[in-house]
Amino acid sequence: MAELEALRSYQKQPTMAELIGKEWGDLLRLAIPSCIAVCLEWWWYEFMTILAGYLSEPRVALATSAIVIQTTSLMYTLPTALSASASTRVGNELGAGRPSRARLAAVVAIGLALLTSFLGLIGTVFGREAWGRVFTKDYEVLELTMIVLPILGLCELANCPQTTSCGILRGSARPGTGATINFYSFYLVGAPLAIVLGFVCGLGFVGMCYGLLGAQIACVISILTVVFRTDWERESLKAKELVGKTDHFVHADPVIKCEEGVGFLTELGFGK
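Numbering-wise (full-length UniProt numbering), the sequence shown opens with residue 1 and increments by one.
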């Protein structure tokens with residue numbers, strides 16, 4: 001009877017191929033939305049560059065757009081690092097069953113993001129002329145750059161907390177939420193606003209930068225609302241469920257020994 005029970009237990013276990021396929025499915029469900037969330041934001045800058053080519057002075061607008069993208073890429077390094085750190089720390093705390101510490105890690109990460117965003121704002125406001133001269137000596141391009149860099153600094157006030165919050169959502173296995181917010185903010189708020197201000201209202205490239213600012217504001221308000229309304233106890237339970245799905249790998253070797261039935265039970269002390 002013991003042999004039959006051991007054999008039945010062995011037969012119920014999924015194959016290694018099934019386990020690997022399921023784990024890959026879980027991984028892709030987290031990885032793909034995380035990738036899309038980042039791509040949606042960066043594609044918006046490409047969209048802005050394309051629109052700049054249709055303005056009344058495309059040479060100046062495109063040159064300034066290149067400076068804006070390079071500046072944004074540089075400032076993006078700090079929130080990217082915070083995002084990765086927050087994702088790891090929040091995920092570890094939730095997996096360890098410490099929801100209060102996960103919440104604390106999220107709050108600290110957002111606080112650091114706000115601090116770095118103020119540094120970016122100060123740099124773009126007070127260093128805009130010197131920074132513009134690093135890229136060009138063209139008076140028209142430099143003048144437009146000096147106008148839009150403070151707007152870019154205001155964007156950074158929203159971008160740093162928003163990017164860091166995306167990391168917090170990834171750490172709590174909710175990257176799809178971040179991707180959805182980015183899509184609505186940048187393409188349903190920012191893009192129409194940029195087109196209206198840039199072409200209809202005649203503000204040109206400056207209006208498009210205000211469209212970017214509108215997208216960032218909508219994004220940070222939405223994502224911070226999600227983060228601060230998070231039920232951390234519930235997220236901790238979800239993390240335990242996700243971790244529990246890997247138990248098949250942890251216990252794989254003892255299960256295989258079920259083929260010998262009594263021999264397996266003897267190892268556990270039942271056959272003595």
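Keep in mind the hints are simulated off the structure, nothing from the lab. If you're wondering where the values come from, they're calculated on a predicted model, not measured in any experiment. C-beta atoms are modelled at their ideal positions from N, C-alpha and C, and glycine is treated no differently. Be aware that a few hints might be false.
With beta-carbon atoms standing in for the labels, derived distance ranges [to be verified]:
no., residue 1, residue 2, range
1, 29, 202, 41 to 47 Å
2, 39, 229, 24 to 30 Å
3, 243, 58, 52 to 58 Å
(request) Return the numbers of the hints above that this structure violates; sort them in rising order. (result) none
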